[in-house]
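Enquirer: These protein sequence lines are chains V and G, in that order.
Counting from 1, one number per residue, gives the positions in the first sequence under my numbering.
Counting from 1, one number per residue, gives the positions in the second sequence under my numbering.
In short, the hints are calculated from the structure, not lab data.
Each hint should be verified, as a subset may be incorrect.
[As the list claims (entries may be wrong)] Cβ-Cβ distance ranges computed for the label pairs, FRET-style:
#1 G:Gln49 - V:Leu26: 31 to 37 Å
#2 G:Glu13 - V:Tyr34: 51 to 57 Å
#3 G:Gln49 - V:Tyr88: 16 to 22 Å
#4 G:Arg127 - V:Gln40: 14 to 20 Å
#5 G:Glu21 - V:Tyr88: 21 to 27 Å
#6 G:Glu3 - V:Pro19: 39 to 45 Å
#7 G:Ala88 - V:Gly13: 32 to 38 Å
#8 G:Glu101 - V:Tyr34: 19 to 25 Å
#9 V:Pro86 - G:Glu21: 20 to 26 Å
#10 V:Met20 - G:Leu100: 51 to 57 Å
#11 V:Ala79 - G:Gly29: 56 to 62 Å
#12 G:Glu68 - V:Pro87: 57 to 63 Å
#13 G:Gln85 - V:Ala30: 50 to 56 Å
Note that the Cβ used here is the ideal one computed from N, Cα and C, for glycine as well.
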Amino acid sequence: MRGPWLHLKVAAGCDVAFPMDAVERLVHRASPDYAELSPQAWSLSAALGVHPDARMPGVLAILRSGACWHAGEAAIGKAGRFMPVPPYLLERQPPWCHGILEWEGGWAFLAEPEALEALHG
Amino acid sequence: MDESLWVVALAGEARLGVLMEETWAILDGPEVRPLPGRKEWCAGLVAFQDNLVPVLGGNGYSRLGRPETLLIVERQGALLGIPCQEVALYRGFLSDNENLEAEPGLPAAGMIKARETQAVWRLDLRRLYSVLGIQ
């Protein structure tokens, strides 16, 4: 399966990937805009209930929906083996993740942006 | 009554059997990775041959322990990993069709009779998948 996707480091062994067409902007911690945007951001690790990566917060990912997520660091992935996650494995519906991408020897959970926002809410 | 080939393994306190044709694989020491937001019964996922296999072992199944060995079963295309020990193959036949529960949460459909075995329950995959909400 081909991307590109925006990969965000969330926790040890847990990356989240967004389809690039859902992404509006990526803001690094060193950017002048970071301090202004950061208070509006939600934590991906808190939404997913995982222990946050030591590098968090390192970047902000702003989606076209308006959601703004804190993450540890970001990378762009263009290819990877895709394995679907059956919806019945997830507690909340609609499922926040519909599959896993193998990425640099690890896994990235391919997110459904709107369902992920509902987890935060 | 026809004899069948059964994959038999110890899961918790019970010795369970599934038909060879219901078995996809037996994995030693698989790496189980967590899935955030997963159902309570699911301990995590194992990648196997381009598939993600959910592993039984969260709430309600924690007594099964960490999977030193994982028995991967299949029903109507859906895979499930069951942590187990002492995997063996037996030829035997199903003695009855009573609906029983071999272990809490592990429904059985009768017992498998073989010449050399202890009591072996036939794991009822249809009921197990229904309990877990898979099918």
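Enquirer: Hint by hint, note whether the structure agrees.
Expert: Hint check:
With their beta carbons about 35 Å apart, G:Gln49 and V:Leu26 fall inside the hinted range of 31 to 37 Å. The hinted window of 51 to 57 Å between G:Glu13 and V:Tyr34 holds, with their beta carbons roughly 56 Å apart. At about 20 Å, the CB distance of G:Gln49 to V:Tyr88 agrees with the hint of 16 to 22 Å. Judged by the Cβ atoms, the range 14 to 20 Å given for G:Arg127 and V:Gln40 is violated: they are separated by roughly 48 Å.
Take G:Glu21 and V:Tyr88: their Cβ atoms lie about 23 Å apart, and the range 21 to 27 Å holds. Separated by about 52 Å at the C-beta atoms, G:Glu3 and V:Pro19 break the suggested range of 39 to 45 Å. G:Ala88 and V:Gly13 have their C-beta atoms about 34 Å apart, which keeps the hinted 32 to 38 Å range intact. Hint check: G:Glu101 to V:Tyr34, Cβ distance near 56 Å, so the stated range 19 to 25 Å is violated.
Taken as a hint, the range 20 to 26 Å holds for the pair V:Pro86 and G:Glu21, whose Cβ atoms sit roughly 22 Å apart. Checked against the hint of 51 to 57 Å, the pair V:Met20 and G:Leu100 passes, with Cβ atoms roughly 52 Å apart. Taking 56 to 62 Å as the suggested C-beta distance range, the pair V:Ala79 and G:Gly29 does not conform, at roughly 29 Å. Checked against the hint of 57 to 63 Å, the C-beta distance between G:Glu68 and V:Pro87 comes to roughly 30 Å, which is inconsistent with it.
For the hinted restraint 50 to 56 Å between G:Gln85 and V:Ala30, the CB-CB distance of approximately 52 Å keeps it satisfied.
Consistency note: the structure conflicts with the earlier hints numbered 4, 6, 8, 11 and 12.
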